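Q: Sequence:
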Amino acid sequence: MKVREAMSRKFITVKKTEKAAEIRKKMMMYNIKTVLVVEKEELLGVVLMDDLIKTLDLDEKASAIMERSFITINENAQIPEAAQLFMDHNLVAVPVLDDEEKLVGLLSESDIVKDVAKEKKSQPKLSQERITIYLAMTEDREREEYWLEKCKQYNLPSATTQVGEASEKLAVKMREAAIVAAIARGVINETMREKTAVSNAVRDVYAQINLVNPGLGGGFKIALTRGEGKIVVSAYGRCGHALANGPQTVNVGYSVI
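Position 60, counted from 1, in the sequence shown is what full-length UniProt numbering calls 60; the numbers after and before it change by one each time, with no gaps.
Watch out, some of these pointers could steer you wrong.
[As the list claims (entries may be wrong)] As a list, the in silico DSS-like pairs of lysine-lysine whose alpha-carbon atoms are at most 27 Å apart:
(1) 2 / 102
(2) 54 / 16
(3) 173 / 102
(4) 40 / 25
[As the list claims (entries may be wrong)] Just the calculated beta-carbon pair ranges, DEER-fashion:
(5) 83 / 125: 20 to 30 Å
(6) 53 / 74: 23 to 33 Å
(7) 60 / 125: 36 to 46 Å
Simulated from the structure, these hints should not be mistaken for lab results. None of these values were measured; they are calculated from a predicted model. For glycine and all other residues, C-beta sits at the position ideal for the given N, C-alpha and C.
Taking the hints into account, I'd like the entire structure generated from these sequences.
A: Below you can see the structure in the form of structure tokens.
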């Protein structure tokens, strides 16, 4: 989302001749911490609440207390860029300019927080099965980290591992690798009940693989997640032998804990 969609178009401005006492009154009346000093639609400076607190003479004019060196942001900038700007410079608000450098709005911390909350609310909730599939299908470290982070956001303990084996040992190796990874990552504990749950889910996955490619070994990336009362396992890869490889497939298995 862009800054122009989150910023406030209603903001308080003062002239450079306005006195500190009047500016303070406006800040208190509208419960704001930033006032923009504008002359003929040109942004001259910014007066912060901290500037007013330091001012001993309430008759002092805005031109004397305003900050002339200030940070602005373009209305077409993205919200994450704005958030980084706030963090880097410890800002409470930032003037928003258009491509012609004209003042069009004011972006505050609350605008950013409100926008982030709105974006999170609008995002569709992903199922545990879908997240597990996406995690299994990651082919580089960066994408894997992204989906592992998604698992944390959804409170799904997760683990990944990889298996490559000949046909007669593939089922056993998949089960062993999945259980070891699940224990190591804290997805399950070492009780027989929970290890059996993972084993059953892997068995579902292997049954699907063997149905399509009977008697073939292969290489697979396995992802596991633990949700409320169930384990989901997904395997992504291909079956094959020395002379030919099958297509990439993704398979999912479930087990109730």
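Q: Decide, hint by hint, whether the structure agrees.
A: Hints versus structure:
1. The hinted pair formed by residue 2 and residue 102 meets the criterion: a straight-line CA distance of about 17 Å does not exceed 27 Å.
2. A C-alpha spacing of about 18 Å is found between residue 54 and residue 16, which places the hinted pair at or below 27 Å, so the restraint holds.
3. A C-alpha spacing of about 65 Å is found between residue 173 and residue 102, which places the hinted pair above 27 Å, so the restraint is violated.
4. Taking the CA atoms of residue 40 and residue 25, the gap is near 23 Å; set against the 27 Å cutoff, the hint holds.
5. Under the hint 20 to 30 Å, the C-beta atoms of residue 83 and residue 125, about 23 Å apart, fit the expected range.
6. Separated by about 30 Å at the C-beta atoms, residue 53 and residue 74 satisfy the suggested range of 23 to 33 Å.
7. Remark: the range hint 36 to 46 Å for residue 60 to residue 125 is contradicted by a beta-carbon distance near 54 Å.
Consistency with the previously given hints fails for numbers 3 and 7, ordered from lowest to highest.
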